[in-house]
Amino acid sequence: AWSMSSDSNEIRVAITSDIRSSYPGVNRVSFTDDVMIHVVEPLVAHRDDLSVAPLAAERIDVSDDLTQFRFTLRDGLRFHNGELATADDVVYSWQRILDPATGFQCLPFFDGSTGAKVESVVAEDARTVLISLDQPSAVFLEQLAYVQCPVAVLHRDSWDSDGKWLAPVGTGPFQFLEWRKGRYVLLKRFSDYAPATGPASGLAGAKTAHVEYLRFLVIPDVMATTAALVSGQIDVVPLLAPVNALELRHNRRVVAMDHDGLSRRTLLLQTDDALLSDRSLRLALAHALDLEQFADVASFGLSPHNPSAIPTSDVMHTAAQSKTWSYDPDLARQLLEAAGYNGEELVIITSRSEQAIFDLAMIAQAMWSRVGINVRIEVLDFGSLLTRYFDGDFQIAAFEFSPRLTAIMNMHTLIGDKTASPARWDDPRAHDLLQRASETVEPIKRQRLLDEIHHLLLAEAPTINVYNAPIIDVVSTRLEGYQPWAGANPRLWNVRKTE
Amino acid sequence: MSSYFLKRLLMLVPTLLLVTIAVFIIMRLVPGDPVSMMLGDIENPELVRQMRAELRLDDPVIIQYLDWLADVVTLNFGVSFVTGEPVIGTMLSRLAVTAQIVTISVLLASCLALVFGTLAAWRANRRADLVISVLAIGSMSVPAFWVGIALIIVFGIKLQWLPTVGYVSPLDNFSESLQFLVLPIMALVVAETGGLLRMVRATTLDVLSKDYITAARARGLSERSVLFRHALPNTLIPTATLVGFTLGSLLGGAAVIESVFTLPGMGRLLVESVYARDYVMVQGVMIFVAIIYVLVNLLVDMLYPVLDPRVRLRA
Amino acid sequence: MTAGSRLLDIRELTIAFETSDSPVVDNVSVSLETGKVLAIVGESGSGKTLLARSIMGLLPPGAIARSGEIHFVGQDLATLSPQGVRMMRGDQISMVFQEPLVSLNPVVRIDRQLTEAGLERGVMSRPAAYARAIELLERVAISSPEAIMRRFPHELSGGMCQRIMIAAAMMLKPRLLIADEPTTALDCTVQQEVLRVMLEAARVDNTAVLLISHDLGLVAGYADDVLVMKAGRQVEYQPAADLLANPAAAYTRELLAAATVAQSAQAKPGAEHTVCTVEHVSIDYPVRRDWPWQPRTSKRAVADVSLDVRRGETVALVGESGSGKSSVGKAILGLTAFSQGRIRIDGELIAGDKPHINTRAQCIFQNPYAALSPRKTVWQAVAEPLQVGRRLDAETVTARTREMLEDVGLVAQLYQRLPHELSGGQRQRVCIARALINRPRLVVADEPVSALDVTIQAQVLELLGRLQSKYGFGCLFISHDLGVVETVSTRVIVMHNGQVVERGDTADVFANPQHAYTRRLLTAMPVLQFQADLGYRISHRQFSEATR
Amino acid sequence: MKLRPNAIIGIAGLGLVAIVAIGGVLVSPYQAMETNFLNRFATPSASHWFGTDEYGRDVFTRVAVGSFITLRVSLAAVALAIVAGTVTGAMAAYFGGWLDRAAMLVSDSIMAFPSLLLLLGIMAALGPNEWGVILALAIAYTPPITRVVRSAVIAALAREYVTSSQLIGNGDLTTLFRHVLPNCITPFIVIATSVFTAAVLSEAALSFLGLGVPPPAPSWGSMLADSRNYLGINPWMAIFPGIAITVTLLSINLVGDALRDRFDLRMAGGD
Ligand SMILES: Nc1ncnc2c1ncn2[C@@H]1O[C@H](COP(=O)(O)OP(=O)(O)OP(=O)(O)O)[C@@H](O)[C@H]1O
Ligand SMILES: Nc1ncnc2c1ncn2[C@@H]1O[C@H](COP(=O)(O)OP(=O)(O)OP(=O)(O)O)[C@@H](O)[C@H]1O
Ligand SMILES: [Mg+2]
Ligand SMILES: [Mg+2]
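In order, the protein sequence lines correspond to chains A, B, C and D. Be aware that the first sequence starts at 1, since it is given in this note's numbering, and climbs by one per residue. Be aware that the second sequence starts at 1, since it is given in this note's numbering, and climbs by one per residue. Be aware that the third sequence starts at 1, since it is given in this note's numbering, and climbs by one per residue. Be aware that the fourth sequence starts at 1, since it is given in this note's numbering, and climbs by one per residue.
Hints listed in this document are in silico derivations from the structure and should not be mistaken for laboratory results. Every residue gets a Cβ at the ideal spot worked out from N, C-alpha and C, and that includes glycine. Be aware that a few hints might be false.
Said to hold, decoys possible - Some chain B residues flagged as far from chain D (calculated, every beta-carbon gap over 10 Å):
hint, residue
1, I62
2, E85
3, D211
4, A255
5, L303
Claimed, not checked - Calculated cross-link-like contacts (lysine-lysine; reagent style BS3-like; alpha-carbon spacing at most 30 Å):
hint, chain 1, residue 1, chain 2, residue 2
6, C, K173, B, K210
7, C, K230, C, K354
8, A, K164, A, K188
9, B, K7, C, K299
10, C, K299, C, K354
11, C, K230, B, K210
12, A, K445, A, K418
13, B, K7, C, K230
14, C, K36, C, K354
15, A, K445, A, K117
16, A, K323, A, K117
17, A, K323, A, K188
What the hints assert, rightly or not - Derived coverage of chain B by chain D (criterion: at least 3 residues anywhere in the stretch with Cβ under 8 Å from a Cβ of chain D; other residues may be distant):
hint, region
18, 17-27
19, 70-82
20, 123-135
21, 138-151
22, 183-189
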């Protein structure tokens, strides 16, 4: 007979949509990443504090000119098919990634189109791989660790003889067992896993699989998810919206765990727009918002307002980055007058697929209407919103940027060339500052440049950052050892399930 | 009869052409394309260009349509943009799920509707009729997701009697699969019974005023025989028509119920494919759904001569 | 006649509808003895059906018996429980209805409809019930009853259905059989037969029969007693023989007169101007094709028919159902295309290639209810033809409409009523007014009185005649009722299978029919004759085969 | 004519909705779009009779204002669908031939089309505004009306009053609109009420997909759809618009039934 609760051998995790494919970094969505961190291991990975640690490698030697990276593979690194991983496997995995036909999503990191180009990947001996770049890169290791596009160490059996993807044969603590499309992905403990050394932190460090099975269940409906959680049909709901977590905080069968997040929720202003090209109008929009209250309301008190593109939890987020526009309706009105604003309709685009993005628009519209700014909300489905974003086809857009793990990467989501990415802030001064910051290794100098960018942002108001999405993972009280982290992916190693 | 069948099948062709053309136009009117849906906020223009070319999204729509049509004629429905799986296989497995809950619940709803609709007509404008009618209209007036949520709260959370997420195929484990089907079927039955019942009631009212009913009573038959052996068979044709329409449109997806109960059915497949801009999948599903709709209604039409000996099918 | 021997005894019964105060059955007392036949006769709406249904306990919703008693075998039926009443139905009292085709359940096979009552009560085993059914089917003169048992009602003719209804009613050997207009809906050729069969079947089981009809001529010959009703009231109640010989009430005499053969209408002299000529017309109806590539075929419904109608004259077109009478009428009216021949109306040629409406010819339909827009008032219906096309001023329209309505004898209170609020005769008057208001040259009357009961038939025919002499239109009178034809027409044309088989002056044809088919038609028609000393008598025409 | 209990309940229900709608707009001190972020998810109280929603807006006011929007959208959609469906259905039945075949083909295709995709497509083409919603619903609900009108007209065409109208020289359109259509009123009332019911519910479903009446304007459907996220926190947000929808639809259907009976000449006697 059916038992309402899953047994202690299996942890069930809710994901809101299917994983598209089992090919990490290629045909993926964030849920693919959630599954893949358990199955495959890249050479390096982020720690809890977002610094980079070795993972499949046990040693990394970087040349002084930041162009030569030598990785020594972990002792006992073994594929799920039982074979030991070698440097040749790493080279083969790289060949796949660098082949444009593969469609690796973050290929621009490595093909020279943004920054350095990977010149060669060479197996120096069975356990040593040397990667050479055509120019120095201070961010190469961070890019390698990027969880959305892991350069995973994969066995050749992951592909068939024609080079077509089958399923990941990786080196992680769990192996890929079954994928029932639209329903679930089932992982099984890899019993021959030899963990890395060092304390578990982020996606790095020593991992032990305590349960036999890990099941990722596709449950799109949030109401269905919470019902399944409180009735014990699932154990983990990662990244629940604050409002849905609210009611669960009183439930004795589950615990809600909060963590500062990295996603940036923001109001993008199109500086190319006839009306919004006027800086006074943009500033009026900024000053008309009570941003502290805005963040408080939108995050249900979990996240403070963050005007910066850099997440609050980042070490680069200093006091200077916290400076924001004052809430000053009178000033806003004066600025409106200065801009010659006469009640013209402004349109904010948003989507209902994510309540938070919708709330951004709703709250902003309500606050703006108080100072007499006439804003109409246009609700799109997520696909349309994305297209409008990519085309820069909006006046105001309520938007969320997925987690970028470094300050520079985050700045790149803010600043860009309007011809290539019309939604971005295209200001020569900002470009210059960001370029200099990426080339600077010295932390203090880098910090100063980033602070200057923020200063410029406040003066220009090309976008109004509101807050960073809080991370709320709600888990069953039967789980022991579960921890949320900034990277937001649910980590089910080192987690036990009690009876 | 067979020429009638053939003719109706032939009529399917223009319907399908119209449906597929509309799908093509609609999907391309809606902004957003499958590639950007996959990449999200990651910027990789080269990959976008490459994938668009691969998916032939930059060809003129008419060429895309004709190419696709040529494939479909050879029964090749293509592969999903999103998962790379063959469309036909995905559809069949999803249809199996939807077909189970939909056919069972429509059958149950029809039985309930027939029994209570007949009773309501029999007691027309008395208290029993009033109660049944109000309940029936109530069932029509409540959004389906409300019913689903209420069932989840009661049976899933409060009583914890039944599972509320997921699905087990009856081929894998029959008794377990039943437990997963109970709540969605209940929700659909609640949602669908009202309309059917009102239809049955109206038809039965009409039938009960017929002379043959008076004649049956005059022969001294019991009211039960009069209602269920004489009135009921005469209400079956209009009821079957409505059941056909209901079945046909629900088989195309009971999207709301499927998503409330996390069932991997056709409706959710369609909704998710639309949201993911999985054009090939949407087109495949649409042609499939249209065929099912037409076939189900055709089958119901073929039933007419069985239900009513007077009917002879004419093309 | 002692109270004890009475099977049925109705005492001062009054029935009314909840919604109105005036009773629809008013203080009626009547009784019936075992094995006897009682006829209840009266015009439509006189309460005959309600009286019958009250005996069965099957009054329609809203109708209640206000006062009076119904005793059956000495027992007051009002004291029975609903269950008791139900057990009595079929077993003690059973009923045959007017419309055989709608009184049999269309989706249930004959065998079940015959046997179910006996089986449900458990008074018969299945084989016994089957045997009894076969026996009864034979008794009502149905050949190969075994085959019939497996059929559905729609596979049988109206006459057969009615015989089956009779058999079903007789299944449990009831002591009383109520037959509510059992033959009204049947073709006149089978009416007599069915009535005879029914009474014979009843006689075998010594079952009393309550026979309801509006046609006194039809039933008087079979009944022991006759009750004449009008507007819910009992007008006359006597043994049939006495009633025929010596009708007491004026109303009874009226009924009898209406059913009596009238003198043939004289050919009106001087009516030389021809308003309509039909020359060698054939009408083909396309046969539906299953597939577009099949060759077009057609079915000939009318073949080479010629006729003419003169001013002020009535020409009758008779023939059995499906013989093509209406098709000829439709062709003249321009409602259907014809393939060969020529039609002229008032000298003008009507093209036959496709339907061409010609407002100089108008039509009066069989069913006046169906022919009137249900949501148009009497006034609107009659005034509408004046408003089509021409722009007459409102005063002229009002004046002419009023004149026309007065001509057909409709009083002002009726002008704002809707068709369903009128009686059948009133409805037909509205139809006539609507057809005549534009002074057509020709009127095609397609079974104009078949749906009306006899007294009203006579009124309508009389009206039609009067209007004809006033306006002088020619009339093509289509009918299968020879009695009516004899009354109204100067000439008769007999059709059979789409062809004219006989034509001539009415008197000649009726006196000396040439064609076998005409003879068959005439023989089937009962004739009620009045002889000064004997009162009314019923007879049938006889023709010797020799007259050819 | 005596009112039956069903009709009385229906009229009472509509009266209640009207009182809430009109009374609410007149009495309420709040505006439908007036936010108060300091008082969110309030349960019903003296100051907020129906409580407040996720942005601290007064639910009572929103239900009241929402009734106008919901009814306006649904009625406009149903009216459009009725006009379009009646014209096409009647013409198809009356003229038959290829016109009939084409009309049936199109409505079959629309009906074979899952409504979600249809609505999504139409909304995408028209843009997310009130007119888009109205037109989308109207297109989705035209085919059932077309079918019902078509079969009612075919039935009416078999009656002789149609011939009679032609005989007195009336043109096709006059015959159709003056004589045939008025007699299709009863099936028409039935389908109109059920389409209205479906339209109100579809507006809710559309809102659910983010395609309904554009926010922040309240409609019952969008209030209900929005409330789904907050069922655990403040179920009142769902209960009140839900009751409004259910009471309205129940009442409309009951009144529709009564109207149908009233227009049914058969019930008043006749053949
Ligand atoms: N259901 C009803 N509701 C209201 N009035 C009715 C109903 N049925 C019959 N009546 C009225 O009762 C009166 C008697 O009807 P009944 O059917 O007994 O007449 P009838 O003599 O059988 O006529 P017919 O020869 O036309 O069958 C008529 O005036 C009729 O209008
Ligand atoms: N529109 C039509 N299409 C095809 N066949 C028709 C059509 N109208 C009549 N017929 C056929 O033509 C023949 C003559 O029909 P018509 O209606 O003229 O007969 P009728 O003598 O008036 O019969 P009744 O007495 O039953 O009215 C019948 O066999 C009928 O089935
Ligand atoms: Mg009668
Ligand atoms: Mg005829």
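Going down the list of hints, with the structure as the test:
1. I62: 18 Å, holds
2. E85: The claim stands: E85 of chain B keeps its Cβ more than 10 Å from every Cβ of chain D (closest is about 21 Å).
3. D211: 13 Å, holds
4. A255: The claim breaks: A255 of chain B does not keep its Cβ more than 10 Å from every Cβ of chain D (closest is about 6 Å).
5. L303: 18 Å, holds
6. C:K173 x B:K210: 25 Å, holds
7. C:K230 x C:K354: 49 Å, violated
8. A:K164 x A:K188: 24 Å, holds
9. B:K7 x C:K299: 24 Å, holds
10. C:K299 x C:K354: 16 Å, holds
11. C:K230 x B:K210: Satisfied, since the Cα-Cα distance of roughly 26 Å is no more than 30 Å.
12. A:K445 x A:K418: 27 Å, holds
13. B:K7 x C:K230: 57 Å, violated
14. C:K36 x C:K354: 59 Å, violated
15. A:K445 x A:K117: Given that 30 Å is the threshold and the Cα spacing comes to 25 Å, the pair holds.
16. A:K323 x A:K117: 37 Å, violated
17. A:K323 x A:K188: 48 Å, violated
18. 17-27: Coverage by chain D holds for the region 17-27 of chain B (7 residues, Cβ < 8 Å).
19. 70-82: Since 0 is below three, the answer is violated.
20. 123-135: holds (count 4)
21. 138-151: As far as the region 138-151 of chain B goes, the hint holds, because 8 residues have Cβ atoms under 8 Å from chain D.
22. 183-189: Since three or more residues must qualify, the claim that chain D covers the region 183-189 of chain B is violated, with 0 doing so at under 8 Å.
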